[in-house]
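There are 2 protein chains.
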Amino acid sequence: MPLNPASPAFIDQLMAALPEDTLRPAEPRYLEEPRGRYHGQAGTVALPRSVEEVATIVKMANAAQVGILPYGGGTGLVGGQVAPDGPAPLILSLERMNKIRDVLPLENVLVAEAGAILADVQSAAADVDRLFPLSLAAEGTARLGGVLATNAGGVNVLRYGNARDLCLGLEAVLPCGDIWRGLTRLRKDNTGYDLRNLLIGAEGSLGVITAATLKLSPRPRGLGTALMVVPDPSAAIDLLALARDRFGEAVSAFELIHRQGLEFMTEHLPDIRQALDPRPEWCVLIDLGMARDANTEAALLELFEAAMERDLVSDGTIAQSEAQRQEIWSVREHIPIANKAVGSIVSHDISLPITAIPEFIKQGGAALAQLGDMRINCFGHLGDGNLHYNAFPAQGRDRSEYADIRADIQRCVHDLVASFDGSFSAEHGVGRLKVKDLEHYGDPTKLAAMRAIKSALDPNGIMNPGVVLAAG
Amino acid sequence: MPLNPASPAFIDQLMAALPEDTLRPAEPRYLEEPRGRYHGQAGTVALPRSVEEVATIVKMANAAQVGILPYGGGTGLVGGQVAPDGPAPLILSLERMNKIRDVLPLENVLVAEAGAILADVQSAAADVDRLFPLSLAAEGTARLGGVLATNAGGVNVLRYGNARDLCLGLEAVLPCGDIWRGLTRLRKDNTGYDLRNLLIGAEGSLGVITAATLKLSPRPRGLGTALMVVPDPSAAIDLLALARDRFGEAVSAFELIHRQGLEFMTEHLPDIRQALDPRPEWCVLIDLGMARDANTEAALLELFEAAMERDLVSDGTIAQSEAQRQEIWSVREHIPIANKAVGSIVSHDISLPITAIPEFIKQGGAALAQLGDMRINCFGHLGDGNLHYNAFPAQGRDRSEYADIRADIQRCVHDLVASFDGSFSAEHGVGRLKVKDLEHYGDPTKLAAMRAIKSALDPNGIMNPGVVLAAG
Numbered sequence: 001m002p003l004n005p006a007s008p009a010f011i012d013q014l015m016a017a018l019p020e021d022t023l024r025p026a027e028p029r030y031l032e033e034p035r036g037r038y039h040g041q042a043g044t045v046a047l048p049r050s051v052e053e054v055a056t057i058v059k060m061a062n063a064a065q066v067g068i069l070p071y072g073g074g075t076g077l078v079g080g081q082v083a084p085d086g087p088a089p090l091i092l093s094l095e096r097m098n099k100i101r102d103v104l105p106l107e108n109v110l111v112a113e114a115g116a117i118l119a120d121v122q123s124a125a126a127d128v129d130r131l132f133p134l135s136l137a138a139e140g141t142a143r144l145g146g147v148l149a150t151n152a153g154g155v156n157v158l159r160y161g162n163a164r165d166l167c168l169g170l171e172a173v174l175p176c177g178d179i180w181r182g183l184t185r186l187r188k189d190n191t192g193y194d195l196r197n198l199l200i201g202a203e204g205s206l207g208v209i210t211a212a213t214l215k216l217s218p219r220p221r222g223l224g225t226a227l228m229v230v231p232d233p234s235a236a237i238d239l240l241a242l243a244r245d246r247f248g249e250a251v252s253a254f255e256l257i258h259r260q261g262l263e264f265m266t267e268h269l270p271d272i273r274q275a276l277d278p279r280p281e282w283c284v285l286i287d288l289g290m291a292r293d294a295n296t297e298a299a300l301l302e303l304f305e306a307a308m309e310r311d312l313v314s315d316g317t318i319a320q321s322e323a324q325r326q327e328i329w330s331v332r333e334h335i336p337i338a339n340k341a342v343g344s345i346v347s348h349d350i351s352l353p354i355t356a357i358p359e360f361i362k363q364g365g366a367a368l369a370q371l372g373d374m375r376i377n378c379f380g381h382l383g384d385g386n387l388h389y390n391a392f393p394a395q396g397r398d399r400s401e402y403a404d405i406r407a408d409i410q411r412c413v414h415d416l417v418a419s420f421d422g423s424f425s426a427e428h429g430v431g432r433l434k435v436k437d438l439e440h441y442g443d444p445t446k447l448a449a450m451r452a453i454k455s456a457l458d459p460n461g462i463m464n465p466g467v468v469l470a471a472g
Numbered sequence: 001m002p003l004n005p006a007s008p009a010f011i012d013q014l015m016a017a018l019p020e021d022t023l024r025p026a027e028p029r030y031l032e033e034p035r036g037r038y039h040g041q042a043g044t045v046a047l048p049r050s051v052e053e054v055a056t057i058v059k060m061a062n063a064a065q066v067g068i069l070p071y072g073g074g075t076g077l078v079g080g081q082v083a084p085d086g087p088a089p090l091i092l093s094l095e096r097m098n099k100i101r102d103v104l105p106l107e108n109v110l111v112a113e114a115g116a117i118l119a120d121v122q123s124a125a126a127d128v129d130r131l132f133p134l135s136l137a138a139e140g141t142a143r144l145g146g147v148l149a150t151n152a153g154g155v156n157v158l159r160y161g162n163a164r165d166l167c168l169g170l171e172a173v174l175p176c177g178d179i180w181r182g183l184t185r186l187r188k189d190n191t192g193y194d195l196r197n198l199l200i201g202a203e204g205s206l207g208v209i210t211a212a213t214l215k216l217s218p219r220p221r222g223l224g225t226a227l228m229v230v231p232d233p234s235a236a237i238d239l240l241a242l243a244r245d246r247f248g249e250a251v252s253a254f255e256l257i258h259r260q261g262l263e264f265m266t267e268h269l270p271d272i273r274q275a276l277d278p279r280p281e282w283c284v285l286i287d288l289g290m291a292r293d294a295n296t297e298a299a300l301l302e303l304f305e306a307a308m309e310r311d312l313v314s315d316g317t318i319a320q321s322e323a324q325r326q327e328i329w330s331v332r333e334h335i336p337i338a339n340k341a342v343g344s345i346v347s348h349d350i351s352l353p354i355t356a357i358p359e360f361i362k363q364g365g366a367a368l369a370q371l372g373d374m375r376i377n378c379f380g381h382l383g384d385g386n387l388h389y390n391a392f393p394a395q396g397r398d399r400s401e402y403a404d405i406r407a408d409i410q411r412c413v414h415d416l417v418a419s420f421d422g423s424f425s426a427e428h429g430v431g432r433l434k435v436k437d438l439e440h441y442g443d444p445t446k447l448a449a450m451r452a453i454k455s456a457l458d459p460n461g462i463m464n465p466g467v468v469l470a471a472g
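Line by line, the protein sequences are chains G and V. Here the first sequence stands for residues 1 to 472, numbered as in full-length UniProt numbering. Here the second sequence stands for residues 1 to 472, numbered as in full-length UniProt numbering.
Worth double-checking, as some hints may not be accurate.
[Unchecked claim] In silico contact screen, one side only, chain V against chain G (beta carbon under 7 Å); selected entries:
id, residue
1, Lys188
2, Ala291
3, Asn386
4, Ala407
[Claimed, not checked] Simulated restraints on C-beta separations:
id, chain 1, residue 1, chain 2, residue 2, range
5, G, Thr266, V, Arg221, 38 to 44 Å
6, V, Asp293, G, Ile337, 38 to 44 Å
7, G, Ala403, V, Leu223, 44 to 50 Å
8, G, Pro34, V, Met15, 56 to 62 Å
9, G, Gln65, V, Lys99, 58 to 64 Å
10, V, Arg101, G, Asp408, 52 to 58 Å
11, G, Lys59, V, Arg221, 37 to 43 Å
12, G, Gln65, V, Ala403, 38 to 44 Å
Don't read these hints as lab results, they were simulated from the structure. Virtual Cβ for every residue (Gly too), placed ideally from N, Cα, C.
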């Protein structure tokens, strides 16, 4: 049964049931997304103040068979937060539900509402000398609900896991409008199916997360960072194993950097100081977070020497101060900015079994060379097997010249990823952008189970229609 | 629609479709469970050799509307592995599917079949100098499929998490008989709903896990163990916070021990050497797993001194050798054995928000004293908030004298747990034993969602009928 649009009559009904000023016409910011691929239809945004108001809204939308578009910080990269076509949904933003409800340092727990900005959650944890480790470029804007709905990743996954690994419990409104009060602070609770992890990563298509209990960690006291030059990606993987053998979980980030990214920076961001000269073809950024009083510089130096003996590294630099740490991280963090200045033909957020990465990089370069003359910047979270593998125009050419092979490049990369049992979406999710990729590359049994679950929990298909799964 | 029993005609059909010797009458061991509460009906056991054979069996059972009872190592404590009543199901044991399919030390990954014994998985990891950290008393008998289906916990959850946290991917047969090939080795993969975590902890009621990709960890090199005497559980919690502040994730176990358990040991296991004399009312076992060359004894001594300054500890012992470490652990490990020798009236596998534990212990003792004269042994994984809270007859009395208040004791404990937002099943699961507890204490919205998911994935209700949810 097709959905109904959020008609003026439906909005009037909602207005009558909710406090004044809960609904208003959606400003343009609710209709845009960062990559500019999708433009949302004009409509109404609901701004509830409590989980009970969310429940009222969802219940009425379900009864009227009107779609709901959950809206977090609007930073998603796969179009999950806009509805460019189909019956106009009601936009549901949780920005007014942005409280930190509770901070329990003795339990390493923080309870926050879905509208809380990620950076505010991090600060609230820091205020009690704890770490909320989820960290990503959009943290100043992204809201907790979206971060959880998309199972966000970021730079600390190697040590602390994805959003899913950092959440103990949820409060949510299911598509029928019932409230699930699941804000447990328990570390162990084997009482039934894992509804929490089903909602996390469902991108709003199975319900609306309204609050979460989050895991905090002790703050590492001794921080150390190094850049090390490796002969190739294979050596980088051996270096990671060596580092983890020595330091265990203290290896908190392990990032692969290719010369292409450094060259883009030289070209477009000449003020960013680059520690290594000449620019190496491949290097890795290693971040250590150790216990109090640990000598991280000595530890990194020992690692470097042990790696030298095994021909895994040839050069490098170890930060001797917090300022130097920031300088090294700044290089890594400016790569996406330099990429943006150059302008990619197409970008890929892929993951691979870690040991498959060297062969993937080799075959990927060869395969794309068959398609045309282009530059590849391959970088990312090597420790998690997550690469950002982006194709750029050859020097002096414009991306518009590649418009007709753009889809071929993407298909070529995703096919190769699939041949290595990798994923076409490591951390950004499916959204609208990759619904067809999921249909093409996804396991058919899993897809059938997903559709059955969607129908069971959301029989009218009101929750974020067209996201993850095609609208029914 | 009620299920059909696994009739001789149905078994004949299966025999015709499967290799010789796949089916046989179930020996008594398949009809028993460790606590002797439930006795399974006589029936047939299927012993498939491959996921394809599992799929054939499930497909035919689904068509014939015959129940399937997945059987792992048979060590579960809540009766999930036996069917005492209802239409006789087919018992499905994966013991022949016990291969370690792949070990990838560079990826910290191991792929094993569901029939593999947990201890064999641990050994295969140790053979490549890695750690598979899931460890529990039944590890020599428990099989991986059951460990995952019940989301097993154990002594290392504080550092490494539950079974759920140690699994990257699954191969499974869903109730329709289709095979989900989800044995991913990826650390990041945001392509659709989390079917993996839905099957983990579903206790066989949503499908049959046939193989899994598991996460390995670096082996900690410097191991240290201490027993420290604390004035009360509240000080134990402060000591845990102090330890984690100093050592971060290196705190791998933090176990609370009450004098009652030590006294039971003195009485029934006098050969077990107990390091602390006199026996303290409360003590904690702290286990550290640090990096190579770390001086764990010095680290534990510093922790002890810092805790002394804060009046958190009054006495203790730090292992000076591996033999002494084993001796300390032996005390902890023999508590359940001593308990068994005494014979409990009733035992509880509960979890609580960590900071609620002192108040729970106080109120629990007072509430049970109202019900009768009994002894309480409260011990367990304090770091995870998981207590084993067991009631024993008063000295000189027999458990049979308490038969009429047994249910009252249990209800009293579980009500108190619920009032602190705790769980009536921390690590053992729901099985058959706690189906009514789940109905009573579970969140109604979550229960409704669970029933909808069960109906969607298993419309005929063939998978482990009567476990987790009452048979339809």
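Status of each hint after checking the structure:
Hint status for V/Lys188: holds, given a least beta-carbon distance of 4 Å to chain G, under 7 Å. For the restraint placing V/Ala291 at the interface with chain G, the shortest Cβ-Cβ distance is roughly 6 Å, inside the 7 Å limit, so the hint holds. A least Cβ separation of about 5 Å between V/Asn386 and chain G falls short of the 7 Å threshold, and the interface hint therefore holds. Look at V/Ala407: its Cβ only gets to about 19 Å from chain G, farther than 7 Å, so that hint breaks.
At roughly 42 Å, the beta-carbon separation of G/Thr266 and V/Arg221 lies within the given 38 to 44 Å, and the hint holds. At roughly 40 Å, the beta carbons of V/Asp293 and G/Ile337 sit within the given window of 38 to 44 Å. Between G/Ala403 and V/Leu223, the C-beta spacing of about 60 Å breaks the proposed range 44 to 50 Å. The hinted range of 56 to 62 Å is satisfied by G/Pro34 and V/Met15, whose Cβ atoms lie roughly 60 Å apart.
With their beta carbons about 50 Å apart, G/Gln65 and V/Lys99 fall outside the hinted range of 58 to 64 Å. A hinted range of 52 to 58 Å is violated for the C-beta pair V/Arg101 and G/Asp408, which are about 35 Å apart. Checked against the hint of 37 to 43 Å, the pair G/Lys59 and V/Arg221 fails, with Cβ atoms roughly 56 Å apart. Remark: the range hint 38 to 44 Å for G/Gln65 to V/Ala403 is contradicted by a beta-carbon distance near 56 Å.
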